[in-house]
Amino acid sequence: MTAKRTILTGIFLLVIVLGLFPILAMIAASLHADGRWTFDSYQGLLTSRREWALLRHSFVLAASVSLLTALFGVPLGILFGKTDFPMRRFFTIAFTVPLMIPPYITAIGWADFLGANGLFAKLCGEAAAGAAYNLLFGFTGCLFVLFSTFLPVVILLTMTSLKSVHPRLEDAGRLVTGWPGVLRRITVPLILPSILFGIILVFLLTIGEFGVPNFLRYDVFVLESFVQFSAFYNFGAATAAVLPLALFTVLALLIEWVFLRERFHEVQTVPEKAASPVIELGGCRTGSFVWTAVFCLTVVALPLTVLVGRSFSVSVYASALAVASDSLLRSLVYAVLGASLLSLVGFFMGYLVGRQALPFWRTADTLTIFLFALPSAVIGIGLISLWNRPLTNFIYGSSTMIIIGYLVKYAALTSRITASTLSMIPQSMEDAGELAGLGWMRRIGWIVAPMARKGLLGGWLVGYVFCLRDLETTMIIYPPGHETLPVRIMTLMANSPPERIAALCVVMACATVVPPALAWSLVSLKRGGRNHETH
Amino acid sequence: MKPIVVRYGIRPLACFFVLIAIPLTSLHCGKNSANEVIIYVSEDQVFSEPILNDFRRETGIPVKAVFDTEESKSTGVMNRLIAEKGNPQADVYWANEPIRAEVLKQKGIAAPYFSPAARDIPEKFKDPEGYWTGFSARVRVLIVRAALAEKPQSVLSYVDPLWNGRGVIANPLFGTTTVELAALFVLWGDDRAKTFMTGMKKNNVRISTSNGESADFVASGQSDFSLVDSDDAVNRMRQGKSVQMIYPDQGSGEMGCMVVPNAVLLVNGAPHPAQAKKLIDYLLSKETERKLAFADCAQVPLHPSVETPPDIRAIDRLSTIPINYAEVARKVLEIQPYLKAWLGY
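As they're listed, the protein sequences go chains F and C. Quick note: the first sequence uses this note's numbering, first residue 122, plus one each step. Quick note: the second sequence uses this note's numbering, first residue 10, plus one each step.
Rather than coming from a laboratory, the hints here were simulated on the basis of the structure. The beta carbon of each residue, even a glycine, is placed where N, CA and C say it ideally should be. Hints are not guaranteed to be accurate.
To give an idea of the interface, some chain C residues facing chain F are shown, with a C-beta separation under 7 Å as derived from the structure [said to hold, decoys possible]: (1) Val55; (2) Lys73; (3) Thr78; (4) Ala92; (5) Asn96; (6) Ile216; (7) Thr218; (8) Gly353.
Per the computed footprint, the stretches of chain F lying under chain C, defined by three or more beta-carbons under 8 Å from a beta-carbon of chain C, are [said to hold, decoys possible]: (9) 213-220; (10) 263-272; (11) 594-603.
One chain only, chain F, in its complex shape:
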């Protein structure tokens, strides 16, 4: 009991020190000016019409993206996770690609496609291209790019949660009605908490997103905080300007608490070998395949193909790698380290939350989600305020800062993935280990971790992808000479040849997609081999 309490409390304290202290330091700084405590920074908040308009923009954009991802993501998740849809594994990976690369790369791809010299102008004429280009730069473009980026969140959560629906319930339902009725009355209501969690996640990700609205010139509230940083150099006002977004985050978490939490943890335990019934699409198979393929080509393949097309030359890639190979290597190393530490911290945080192991489990969960949803600029400046001191210079001056940034920002992801995985591992397994005289650490090492290995691997891959694509946090805290590839692409974007930027975007996309795809293939191969041995 002591080991469990010590380790879980230690990990929780680590997240508090690394994540919460910088934010508290920022808030304290915003309340302290000229040697006295003051609310000056907060007095002007939300007093102008523009601030309300920006808040409305942020809310409408986030709500629209969430709604659209739910409308498309749930059917696609069911299609890929529950039916005999052809090439469903391929499509699952394909739709996940935009989530794996920085969203601004997708935006660049679309801007290239619809630009004056782009493919669309050649196909449809300059007038049509001009109209489409104008449509891209604004609400519509932001909605579309962020929709394609966050669509896989809902697809994957739907697919994962479908596995937790006990086949017996669906089999019973099919005795009295067909698949549409079973889906409507049994399956979807059972996975609704996961779907709603996905919607909330997309909402929070969209509302904190700065890169895409900035590139596509759509004013959102994050911009307000940014203006305070960049035009007024006023850290206090910038912190204050984040307050409304923080309130949105808290509100979203409250909704989750009130409506979803209890149901989320009531997930059925499904035996691993229990075969989930598959919906046969029959005559709809071809039609749904064509529709999905066209949709995938439009949303996923087109912007990336445009980038590949623009950079299609060996010399362009050679020059791109000549200026950015060191950044690429650094990115890969930091992402591997970040993902590994995230898996470790996320595992114990996830255990704390998933098993409700200590009284403060809810606080721990809220804290990680809150840090995930906070704008990166605030986290970055907070980390600088906390760590840039002579005593801690050995940390601040090294790449450890980048890893700390990853831990603070993305602990929620690996924590939630672990919590979700643990919900499928019966508590009785641990109880049996305890009866057999195993201590907590041994139970974790010999029972829980091995049984949760797929979830751990999934968490590691998610951590890897998010660390590798991270831009906003890294950009603020990276030590001199340690820039990562996403940062380098951004700093090179001003006045660099577009072909070189396109090539770097393609390299970035490959670096993000290839390792997880290889890991997926290896696991599949191993699983296939084992099944073969069994048969």
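Take the given structure of chain F and dock chain C to it, following the hints.
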């Protein structure tokens, strides 16, 4: 269950710890050494990095740099310098305009250094107390559609009814547009400058997010003219766009155009002051100015008799607005609330 326990056990966890512990300790291998220089750069990386590489090659001093991004309106590293004031990490700051340098001087983040390499640079481009020194300038110019029969020749075209709804200007809260407007407030006084701003609004001027976007609007024919930096205009001309660059207000008795030099400063409490001074000297040299003139940023050298490409006018052939950068820096901060209100923020 049994095979799982036997196959995976606790050993992989231990290996995992070891695997992440080794590279974690190696992260500190990249920590700062004594013989190096750390520079924060607001000038575009594509132009500044080759200069820094040349410095490293010629002196053998390693350079570690943090570059700014367009996304942060080139103010990211400045915010970082302010945040790091208590424990400075950078030795040198290369600003892409002198107002940031002046603000840093006022915040106590700059240290005085009179570089011998800047002896020939005119005094008006240097801080008299040595806190920053200007070099290689951009000029604020009008980019106009080449097809126009009659072309705007003055900043005042923005308030001329002839150009109603045909001009575009970058968001005045950021960058060189703020600097130019602040300079006009200083030159004309608040009342006349505010009348000018109101006139621009009445004349339906379009607001873009950046000078680059303004130049694109003109190049694509969506607007007729815009006040931009000379590098934006030269860049579009070299891309073959149908635009021309006009140096505004060059006639007799007119105010002239505004010159925006780069500025370099020594950071107060710099960890490597000796190397920092060498780098500053290098940046302020004639050779660096020549390289920046021939690069795509097409910057105007401030040293006399530095070779330039034909599409760049030498500094002594330009009529320029007389500017006290310290005064303009103060004005920039003073007029921000007015500009915010003017934009309807």
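For each hint, the structure was consulted:
Interface restraint check: C/Val55 against chain F, minimum CB-CB distance 5 Å, threshold 7 Å, status holds. Interface hint at C/Lys73: satisfied, since its Cβ lies 3 Å from the closest Cβ of chain F, which is below the 7 Å cut-off. Using the Cβ-Cβ criterion of 7 Å, the hint placing C/Thr78 at the interface with chain F is satisfied: the shortest such distance is roughly 5 Å. Evaluation of the C/Ala92 hint against chain F yields a held restraint, the C-beta minimum of about 5 Å falling below 7 Å.
The closest approach between the C-beta of C/Asn96 and any C-beta of chain F is roughly 5 Å, which is under the 7 Å cut-off, so the hint is satisfied. The interface hint given for C/Ile216 is broken, as the beta carbon of that residue sits about 11 Å from the closest beta carbon of chain F, more than 7 Å. Because the closest C-beta pair between C/Thr218 and chain F is about 5 Å apart, less than 7 Å, the hint holds. Annotation: C/Gly353 was flagged as interfacial toward chain F, and the flag holds, the nearest CB pair being 6 Å apart, inside 7 Å.
With 0 residues carrying a beta carbon less than 8 Å from a beta carbon of chain C, the segment 213-220 of chain F misses the three-residue requirement, and the given coverage is violated. Against chain C, the segment 263-272 of chain F contributes 0 residues with a C-beta closer than 8 Å to a partner C-beta. That does not satisfy the three-residue criterion, and the hint is violated. Counting residues of the segment 594-603 of chain F whose beta carbon lies closer than 8 Å to any beta carbon of chain C gives 7, which reaches the threshold of three, so the coverage claim holds.
This entry does not satisfy hints 6, 9 and 10, going by the numbered hints stated previously.
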